[in-house]
Amino acid sequence: MRVDLVETKPSGNQAATLPTPFLKWFGEKGWQPRAHQLELLGRAQAGENMLLIAPTGAGKTLAGFLPSLTDLVARGKIPPGSAFTGIHTLYISPLKALTVDIERNLMKPVTEMGLAVTVENRTGDTPQSKRQRQKLTPPDILLTTPEQVALLLANKEAARFFKDLKYVVLDELHSLVTSKRGHLLSLGLARLRKHAPKMQTMGLSATVADPMDLQRWLAPQGTLQAPPAGLVHVTGGAAPDITILGTETRIPWSGHVSTYAIPEVYEEIKRHKTTLIFVNTRFQAELLFQSLWTINEDNLPIALHHGSLDASQRRKVEAAMADNRLRAVVATSTLDMGIDWGDVDLVVHVGAPKGASRLAQRIGRANHRMDEPSKAILVPANRFEVMECQAALDANYLGAQDTAPVGEGALDVLAQHVLGMACAEPFDPVELYDEITSASPYAGLSWEMFERIVDFVATGGYALRSYERYAKIRKQEDGRWRVSNPQIAQQYRMNLGTIVEAAELNVRLVKRNAKGTLGRGGMSLGKVEEYFLEQLVQGDTFLFAGKVLRFEGIRENECLVSNAFSLDPKIPAYAGGKFPLTTYLADQVRAMLADPDRRVSLPDQVRDWLSIQLERSMLPKQDELLIETFPRGKRFFLIAYCFEGRLAHQTLGMLLTRRLERLSARPLGFVATDYSLAIWGLEDIGAMIADGSLNLSDLFDEDMLGDDLEAWLDESYMLKRTFRNCAVISGLIERRHPGKEKTGRQVTVSTDLVYDVLRSHEPDHILLEATRRDAASGLLDIGRLGDMLKRIRGHIIHRPLDRVSPLAVPIMLEIGKEPVPGEAQDAVLQEAADELIAEAMG
Amino acid sequence: MRGRRPLISLTTKKKDEPTLIHRLGLAARTVIAGQATGTPVGSQEILVHGTAAVCDPLGGLYLPETQTLVVSDLHLEKGAAFARRGMMLPPYDTIATLNILNAVIARYEPKLVVSLGDNFHDRSGSEHLPADLRKMIADMARGRDWIWINGNHDPDGTTDLPGISSDELVYGGLVFRHEPSLISAKGEIAGHLHPAATVRRREKSVRRPCFASDGHRLLMPAFGVLTGGLDIRHRAMHGLFKQETLVAHLLGRDRIYSVRYGSLMG
Numbered sequence: 001m002r003v004d005l006v007e008t009k010p011s012g013n014q015a016a017t018l019p020t021p022f023l024k025w026f027g028e029k030g031w032q033p034r035a036h037q038l039e040l041l042g043r044a045q046a047g048e049n050m051l052l053i054a055p056t057g058a059g060k061t062l063a064g065f066l067p068s069l070t071d072l073v074a075r076g077k078i079p080p081g082s083a084f085t086g087i088h089t090l091y092i093s094p095l096k097a098l099t100v101d102i103e104r105n106l107m108k109p110v111t112e113m114g115l116a117v118t119v120e121n122r123t124g125d126t127p128q129s130k131r132q133r134q135k136l137t138p139p140d141i142l143l144t145t146p147e148q149v150a151l152l153l154a155n156k157e158a159a160r161f162f163k164d165l166k167y168v169v170l171d172e173l174h175s176l177v178t179s180k181r182g183h184l185l186s187l188g189l190a191r192l193r194k195h196a197p198k199m200q201t202m203g204l205s206a207t208v209a210d211p212m213d214l215q216r217w218l219a220p221q222g223t224l225q226a227p228p229a230g231l232v233h234v235t236g237g238a239a240p241d242i243t244i245l246g247t248e249t250r251i252p253w254s255g256h257v258s259t260y261a262i263p264e265v266y267e268e269i270k271r272h273k274t275t276l277i278f279v280n281t282r283f284q285a286e287l288l289f290q291s292l293w294t295i296n297e298d299n300l301p302i303a304l305h306h307g308s309l310d311a312s313q314r315r316k317v318e319a320a321m322a323d324n325r326l327r328a329v330v331a332t333s334t335l336d337m338g339i340d341w342g343d344v345d346l347v348v349h350v351g352a353p354k355g356a357s358r359l360a361q362r363i364g365r366a367n368h369r370m371d372e373p374s375k376a377i378l379v380p381a382n383r384f385e386v387m388e389c390q391a392a393l394d395a396n397y398l399g400a401q402d403t404a405p406v407g408e409g410a411l412d413v414l415a416q417h418v419l420g421m422a423c424a425e426p427f428d429p430v431e432l433y434d435e436i437t438s439a440s441p442y443a444g445l446s447w448e449m450f451e452r453i454v455d456f457v458a459t460g461g462y463a464l465r466s467y468e469r470y471a472k473i474r475k476q477e478d479g480r481w482r483v484s485n486p487q488i489a490q491q492y493r494m495n496l497g498t499i500v501e502a503a504e505l506n507v508r509l510v511k512r513n514a515k516g517t518l519g520r521g522g523m524s525l526g527k528v529e530e531y532f533l534e535q536l537v538q539g540d541t542f543l544f545a546g547k548v549l550r551f552e553g554i555r556e557n558e559c560l561v562s563n564a565f566s567l568d569p570k571i572p573a574y575a576g577g578k579f580p581l582t583t584y585l586a587d588q589v590r591a592m593l594a595d596p597d598r599r600v601s602l603p604d605q606v607r608d609w610l611s612i613q614l615e616r617s618m619l620p621k622q623d624e625l626l627i628e629t630f631p632r633g634k635r636f637f638l639i640a641y642c643f644e645g646r647l648a649h650q651t652l653g654m655l656l657t658r659r660l661e662r663l664s665a666r667p668l669g670f671v672a673t674d675y676s677l678a679i680w681g682l683e684d685i686g687a688m689i690a691d692g693s694l695n696l697s698d699l700f701d702e703d704m705l706g707d708d709l710e711a712w713l714d715e716s717y718m719l720k721r722t723f724r725n726c727a728v729i730s731g732l733i734e735r736r737h738p739g740k741e742k743t744g745r746q747v748t749v750s751t752d753l754v755y756d757v758l759r760s761h762e763p764d765h766i767l768l769e770a771t772r773r774d775a776a777s778g779l780l781d782i783g784r785l786g787d788m789l790k791r792i793r794g795h796i797i798h799r800p801l802d803r804v805s806p807l808a809v810p811i812m813l814e815i816g817k818e819p820v821p822g823e824a825q826d827a828v829l830q831e832a833a834d835e836l837i838a839e840a841m842g
Numbered sequence: 001m002r003g004r005r006p007l008i009s010l011t012t013k014k015k016d017e018p019t020l021i022h023r024l025g026l027a028a029r030t031v032i033a034g035q036a037t038g039t040p041v042g043s044q045e046i047l048v049h050g051t052a053a054v055c056d057p058l059g060g061l062y063l064p065e066t067q068t069l070v071v072s073d074l075h076l077e078k079g080a081a082f083a084r085r086g087m088m089l090p091p092y093d094t095i096a097t098l099n100i101l102n103a104v105i106a107r108y109e110p111k112l113v114v115s116l117g118d119n120f121h122d123r124s125g126s127e128h129l130p131a132d133l134r135k136m137i138a139d140m141a142r143g144r145d146w147i148w149i150n151g152n153h154d155p156d157g158t159t160d161l162p163g164i165s166s167d168e169l170v171y172g173g174l175v176f177r178h179e180p181s182l183i184s185a186k187g188e189i190a191g192h193l194h195p196a197a198t199v200r201r202r203e204k205s206v207r208r209p210c211f212a213s214d215g216h217r218l219l220m221p222a223f224g225v226l227t228g229g230l231d232i233r234h235r236a237m238h239g240l241f242k243q244e245t246l247v248a249h250l251l252g253r254d255r256i257y258s259v260r261y262g263s264l265m266g
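Protein sequences appear in the order of chains A and B. In this text, residue positions in the first sequence follow the numbering used here: the first is 1, and each later residue adds one. In this text, residue positions in the second sequence follow the numbering used here: the first is 1, and each later residue adds one.
With the rest of the complex left out, here is chain B (with noise of 0.2 Å):
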């Protein structure tokens, strides 16, 4: 790496760093996100296809130039979805990932917001989404502009929340769809496949979702509390990277890890 400019620059703020968060998952989201005063704590910039992006621990990538926040698989109302079908997730897993999305849209205050995709589990999700979950994305929306890309489990866009409905979304110099494409990857931000590394370090290894991006494409983590992860060694993410520069951002328990895809394994 001698002699190049550093892929990395660390804008981890080490005095403010939250001490009280104990717990990955849901619960330490939702500790950060209640601490959230507007500085992106833990944060990692990045370059993508020469646009500059900012991986946030609590898994929204944020665009400054073009002041975009994206989030994607959401999979809203995954609960109710199980419950159609015989069994009975809690049904409060809307209103956490909300609350999570509350939190990164307040850190950032961005001027729009893209929703990758997935917004919701399935295709009558939003259609019965309970008025007060509706008022919370209405309430999260006003005064900004809202993009849903459709995605494989919600082709049919959204009904009766703010914003428009869109397959693919091109701007600031930078392409947004829900599914990867194998053809153009450059500049190409995209969720679907939930990424997620295992870094191993002497016997001992630990799993999280992370961004991807080998700096031309960007896969998102998922957002949606009940969302599980994909391994980006699977088969299903090959071709789409540049392994030699892929790097994954893990997202740590309050800040974001980034590892080169081959040191993944020690």
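Same shape as in the complex, but just chain A (with noise of 0.2 Å):
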């Protein structure tokens, strides 16, 4: 149970005192060092790499930089003409814009207490000029991204710049560890370390579900194993007051979108100074935001803000938030972290938030002072989103976290990595192997596979030897890899990174004239998926930024717009942005549905539907999984209530009709949401379960996600969704290629048609291996599906029906409104065909 502000109390060894200025300053600001503070300064002097766990408001930042500061009082002045002194103090956070603010928040304490240290930001927008400079006289405290460490790292001036390295200071880690930009990072804390065998990592995090994988994180694993950092852990703060919006009107079925309770939202917005309001996707972010708009009578100033929009669009937005011009935001994960938003009194989570850690960190975005309550009000879409919010909510006050594990490094990442390590420096294959496996992700990289990740980014690692003289790097004589040329390096630098982007057109808003021609020039607007433009004919209209816009045509790489006036757009489908059901709130829906006790706590509506299904059907016993048949229609339905996220569902799915197919029961489609699985075809499977031609639990046995996985991943269009994002970061295609950075199309060529010929080719070459490893635990989600599957062994019940449930309905609600997947391609094409027939026959 979470109470008042509780501590770790320091042991007196381990607390520092801080240096005469910093009390003077503390004193004058009538402020006390916090014990956490103090805590982390002391064991970091000690020579501990450090943890600390805190939530916003407990003053992290500043413990963070405490102990650089103090060492640098310490260290005094450098005196001109000194020999070259390299950096003191990398600080590495996820946002360009975090940079940026801490730096401001950072030198206020510096010129307050006349400290002779020296604070510079680095990130994609510092101008060349500036980066060279640094790069001569290097400031004592650098504020950088990811991408600039892996950048410097590639240097040849590396060793030379971090020589005097003491503090990493890596902000927002928790968002950071678990992806790909987290792995890379990883690899970059290893190479620092060889530059600089002293430095010390102090990690700041929001809570995890298992502290001890980031505390080992930034400590050196394998030969050059150190112990784990220590953790401060500040539990507490005021606990949030987080409400479920309650409302008169019917909540629906289905659907992921909430209109149903904007009035209500506003009147909560009109109540409040600022409401930050957020969403799972863009897409609900433009429709929330255009419904909010519709009833605006008293123009309240509500903004919008997700990654699509222009970036200037956003700053705007951002501005006006921190100086309380603004009464609403609605905004995706983009809000997530960092920087301070003035003073925001509500947080609205409209749709379930999908984790409970999650839910902690967006609305620990309200009330930035820790000893007073963050206000919130969840807004289920749906009536599964209701049980879904209330688990999240007994989380929060549990305490209870869902964070991802940190998990396997990525191997793409890891080419990545070691072209940049080539590019710095010759390397040693035996040492580099040693670095790289000193970093937590890679522990478990075998030698076998450090060898292909190296024959991969040497001729691409295929087994047809025929790229030999086309090496980007080279053994040379004493077994030292080096670059080839120094182009290389320079393509290197070009596409650093493992962000990849979709193919996107910016979006320009142009006005047409009295003739009816189109104008040029006009604002940005932000940035559109190029597949969805591509269905669009001139007149569509779709909702992007906040505007109703029709589509008027591309030319060169824009997508040309303007304003629409109609108010029934067509709109976009952004694949972006969804998240899936964390395990631990599936497990606690499961709960709720099986223990009545639990379920006195929901609302009428949900409590009248759940009861309503019992009499007709059943409800699951927690460890249970119910599978309903029934006819409707010329149809019958088979609906599994599995609640392991839509991704998971989906490839269970897939597999179930490749089965359902074989065993002759006729399939013809399924449909998956967050709680259930859909599956229809001609032929009674509730007939054919009960004759005993089809076993449940043959059907949902574990050897499917065997032979019936492989054959399906051949087709899956989900797994060339990860083939391109490996394809791109692992370097085997460019993003950009000297000379030719200004052409729209990133990627010079289709990585479908690459992944097609790979398959067929070499289908153990080891990118199509880093794809599968990926969509294992990304798209395709197979390692929950396993867990499932092991889980319900035996404990599969049938309710064969005449009927569909309560139950089922919102899933049912769902049937039509997927895109299609490959297999039904065809029959859109045989229909035009057709027509193309009937004209010409008429």
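I should point out that these hints are in silico values taken from the structure, not numbers from a laboratory. For each residue, glycine too, the CB sits at the ideal point set by N, CA and C.
Covered, in the sense of this in silico footprint (three residues per stretch, anywhere, with C-beta under 8 Å from a C-beta of chain A), are these stretches of chain B:
| id | stretch |
| --- | --- |
| 1 | 88-100 |
| 2 | 224-238 |
| 3 | 256-262 |
For the chain B half of the interface with chain A, some residues (derived, Cβ under 8 Å), not all of them:
| id | residue |
| --- | --- |
| 4 | Arg-84 |
| 5 | Pro-130 |
| 6 | Val-199 |
The task is to assemble the complex, starting from two chains supplied on their own in separate frames and drawing on the hints.
Structural data, given as structure tokens:
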């Protein structure tokens, strides 16, 4: 139970005392150094790597910098004419904006105390001249991003630049470590340790499920092993005040957009100073924003913020927010982290939060003072989400966490890093292997796999060794590997990074003049995926950047739009940003279904719904899998209530339809939600189960993850998407090529075609292996599906029904909303071709 | 259309349709190729400037009157061309493309093969072609004539390969060149633009490479396995066709789907 502020008591010998200027400064402000700040400082001074876990508002940033600042004060100003001094402290954050923010916040105490400490930031936006100067005369503290660290490390001067490094401060560590950016950064840390063996890490993080994961991440592993980083854990803060929106309106059966609750959300905005409204996808953000404005009779300043909007638009919203000029902002995960947002006094979460830790993070955005309660309202979009919101709310009060584990380091990232290390200086493979396996995500990397990666970087790693003469890195006589020519290093620098964006086009708002022709120029609104735009014809309308836009056409590499006056836009089907339900919340929802006592807290509408379900069919126990079968129209349906998240359900759906096909159940299609899976077909599946021709235990046997999975993977468009990322990150395909920076299409050859060729000629190629590994944990969620199949063995309950059950209604309403999978594509073509034949013959 | 001769006649043989193919792109084309028995399954016969032409779902055009097979934009050795610039694409694209070409040749047994330009992805492609692949082309060309039309990627012709190189070919009432000319549309068979079409029906859309023809001129789909496509609504295609009679013949999984330009987007 979270109660009042509880801090770990520093043990006497570890707590440090602050140097005089610091004590004076704290005193002038009327502040006290906090116990965790002193403990962190003391243990850092004793030589430990440290992890600080604390809620927002606990003075985390200052705590992270105290070891550096006190050490720099002790060092004093470097006299002019001294030998070259490298940087002292590296601060790494996932957001560019955060480095700028921190520079401001850090300069304040530095100036006020009159410390002789230089602080600068370096991001992708930093001008070339400033970067050059930073290399010649480095600041004491450099604030930067993981990509810039990789760039600096691939430089020939890296050893000199980092030789004096004492501290690396890693902000928002919880959000970095689970991604490929985190993998790249962990390899960077390993290299930094080589340049500065005594360097210490200071990780700053929000609460996570397994702190030890992060503690290991912060310390070297493998042959260079050191003890895990020390932990200072600040718990508590005032318990947040969270409620689920009560409504008189009927809660919808399905859907994700909560439009039913707009009037109530609007009333809440009116009642508060500044409201932050979080949603899970850009699509929800656009729709919610538009709906709010249609009823915004008081003309309240309400803004929109998501990752596809033009950067200048986002900056404007952020500035207005910081100045308290806005009453509400509708935002996606782009506002999850970091920056101080003025006086937010309410967080509204529209749609279920999908994860308990994500909810806690987002609620923490309200009210940056740790000792006052944050206020939050959850707005479930449908009846299952009511249960999910309740589970997340319970978890929040229990302090339960469901952040993802750090996981194994990705191979494509490793390939990128190996090339970067060759660009810095020729590497000895054994030394580099030891260095790489000292990074915790790569601690389990085998030597054989490492060699395959080196071979991949050199010539593509193909069995047919036809590219030897074009090798990017070559082995010298002394056994070290070096880059073949300087251009390779230039290409590496241009293509570095692990964030791969879908092919997108800039959207520009133009005006029609009196003659009806399109003007030039006009405001840039942001970026939209090319595949979406390709489906549009001139005159189509869609919702973007908070406006209903009319598609006018594509000119060069821009999508031209004009203002539309239609109220019924065709809405972007954004693929990104949909989080699947976490295992923890899924478990809680299953428990809620199974336990009458826990259902008591649910709203009447939802309770009624569940009790009718209990009459008509049943509610499964927590460890059971309920399967319902029933006829409807001319089809027969099978519904499986797995509660394992949309991704795992999609994979299961693909595999089950294959099996049902073989069993002659003639399946026609399936649809997956976070909660259940529906499959329909032409044969009476219920009757087949009854007469024994179909056995559910066999149907759901784990062996589907063998051959069926392999066969399906061949065809999966999701695997192709994963492959595209791996191909770009690993350097197989460049995003940018020297001299061709400005051509719009980012990827120069279709990765789908490359995938097909590779798949049919060298199916065990390392990049396909990397792709499969990624897919297993990512888009296909095979790991989670496997766990479920194990769990439900012997616990499958079948209910044959004569009609649809209440619990099945939500998923039945989803049918027909899904995009066409690969298999059904020819049907669309057939339809179009038939029209032509009818016309020709008619 | 009433009163006029139907422009389209389907030669699809329903009973013989292969059912094993579940996937598009290379693998599907490879599977179909493997089943080739000489019967043009799922192909589409049309008229170009009065000459009969068969659009094959593998991406080749067969002209029965002159027993000529046309393929375009093979882009052989594209993988190697990229590798020379530091991108190690799989070195298997050439063999994959040639396998499909072999199958389509086996299907029609043409007297003449015309490869309509961009035969190799870059100038040094044919010079560095590995010996086994060189032999494969020689075997295919045995017993028939072969003409390499020069493209913008390979303007200097081919090195040490059977057949002759030329910028243009006039034969059987048709003109064959790599880039479509803006002046003389009549009877022109060209490549270069890699035409593809998007079909949209109720919120669903599918995009495929296609033959594009208005009855006067025909643009060939790109044949190479690593070649992408350009939508026929793109500006580069403007002015090439009479839109009223333009039909896109899309390469389907195992047959050609013909859709009139005006009804592509539903």
